[in-house]
Amino acid sequence: MIQGIALLTIFVLSAFTGYEVISKVSTILHTPLMSGANAIHGVILVGAVLVAGQARTSLELWVGLIAVFLATLNMVGGFVVTDRMLEMFRSRTPERPEKADRHG
Amino acid sequence: MGEAAATTPAWIQLGYLVAAVCFILALKALSSPRTARVGNLIGAAGATLAVLLTFVAARPQHLWAILGAIALGAVAGVVAARRVVMTAMPQLVAIFNGVGGAAAALVALIEVGELGSTGTAARIATAFTVLVGAVSFSGSAVTFGKLQALLPGRPIVVPQVRYVYGGALVVTLAAAVVLILTGSTIVGVILAVLALGVGVLLVLPVGGADVPIVISLLNAFTGLSVAASGYLLGNTLLLVAGTLVGAAGSLLTRLMAQAMGRRVTTILFGALLGTSTQGRTVESTRPVKSAGPDDIAVLLGYARRVVVVPGYGLAVAQAQHALKELADALAARGIEVVYAIHPVAGRMPGHMNVLLAEANVPYEQLAEMDAVNPEFPATDVALVVGANDVVNPAARKPFGSPIAGMPILDVDQAKAVVFLKRSMRPGFAGIENDLLYNPKTTLLFGDAKESLTKLVAALKAV
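Chains as they are written, first to last, in our numbering: chain G, 1 to 104; chain F, 105 to 566.
By construction, these hints were calculated from the structure, which means they are not laboratory data.
Be a bit skeptical, because a hint or two may be false.
Below, simulated DSBU-like cross-link-like pairs (lysine-lysine); rule was C-alpha separation at most 35 Å, straight line [stated by the list, open to error]:
no. : chain 1 : residue 1 : chain 2 : residue 2
1   : F       : Lys-558   : F       : Lys-393
2   : F       : Lys-544   : F       : Lys-564
3   : G       : Lys-24    : F       : Lys-132
4   : F       : Lys-393   : G       : Lys-24
5   : F       : Lys-501   : F       : Lys-564
6   : F       : Lys-558   : F       : Lys-544
Quick caveat: nothing in here was measured; it's all calculated off a predicted structure.
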């Protein structure tokens, strides 16, 4: 029972953290943030590896392997596509004044 | 539940804690333009660490088969993410989100057979994971269909909608209760199938313009389903990561909806309550004023101030570079050029910023909606390139239109309006734009990229 309460505590605290941590996001970052958060829940791969690794029948194994494949797709694809989006923002960063001075 | 946690060594648990901190830092860094890219890498590092630790701690059987599945998934993910054109990115995010939900549901379906007679709490977590994961999967599939134009963008309402919804909801919840009571795998599968149907019903009535918000909502759903699977497996990392995404995703959904002047409940249930009308997809036959590139070039060439309004059509035509060429040519004539960026121009919030940044449009020329709207009366020409819904005055009416209440760019207050359009077909939301028939509006028909190139050439002769 104590473990149940501990998990519930973790759940509530994580919920507040997740809510607070992005509360000041600017509109232009909505899409990359959504995509980045999307990649983070790809960590369900951990769960998929655990159940596939304990599979006792071949049906369980196959279903587990499909879960592993889908979770990896979510995780790896998610991080790569987010990086590609953010790559585009490079030129958006305003040059620092001292750097501009040096150039001319 | 708890079995895995009890046997997991402390140092592995500490490693999971490090990964969880990585995820928090990643979300934090992703909220600010300067740190966003690093934030994403921190998130990826956390996820990689977590997976490696799991292999060390759990020593899974079928190691090579699992590694093979990971390799396949990784290759597919990288190829899809690298190859996708910028315009199709929202669809891809929807797919990645959907498969994550499916993975969580499958994990729970396997685990339910292992639970035996353990507590009700674990079975509730199972039912929740299966239900929400499956809804997220099928819902994401429908958003994909809408964005990819495999399904119509306008709201689709099934006949007798309230009974269908009520019936589907009751049957699905009943299946969830039976699953909680019996812990039977077969019931779990039935629940998953029912939940797939609910996901479809949930997203079908959503209007095209609101689809990005729904993707964000389903993203939060998947997060919560991963969190529940963490409870089920006694894995704290899954619980923390899933909850973080669930909470952050819910807030993000609200923020996005606010940026569009919408409420999440209206988006999801508007069609049910009959507050949103169905859009049209037929071409109108009302008369419009159209002109050739030469006339438009004269109009632009003698303006003092031009505001460019880019939209999804620009993205489809890959015309961002041609647009920048035109803007540079105008600026070279001493004309003030500003890009007016609607928060949700394109298919997702921030979509246009990404596209224009790709074409090296300087940061200072991009103006957000609130900054640019008061300046439209002092603008000589508003050049609308492939945008429609974000400048549609119908949004100002309080109701009666799928985009009612959405803040728009007030281009109709400019002295002249030029639309570059492919055809008279309505925008993504499927509603007609009265601005097209306004006497001060001129249309230039054709592919955005070709039209812009012609304009640049014509401008030289002005």
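Results of checking the hints against the structure:
| no. | hint | in the structure |
| --- | --- | --- |
| 1 | F:Lys-558 - F:Lys-393 | holds (19 Å) |
| 2 | F:Lys-544 - F:Lys-564 | holds (24 Å) |
| 3 | G:Lys-24 - F:Lys-132 | holds (9 Å) |
| 4 | F:Lys-393 - G:Lys-24 | violated (44 Å) |
| 5 | F:Lys-501 - F:Lys-564 | violated (41 Å) |
| 6 | F:Lys-558 - F:Lys-544 | holds (22 Å) |
Hint compliance for this structure: hints 4 and 5 are broken, all remaining hints hold.
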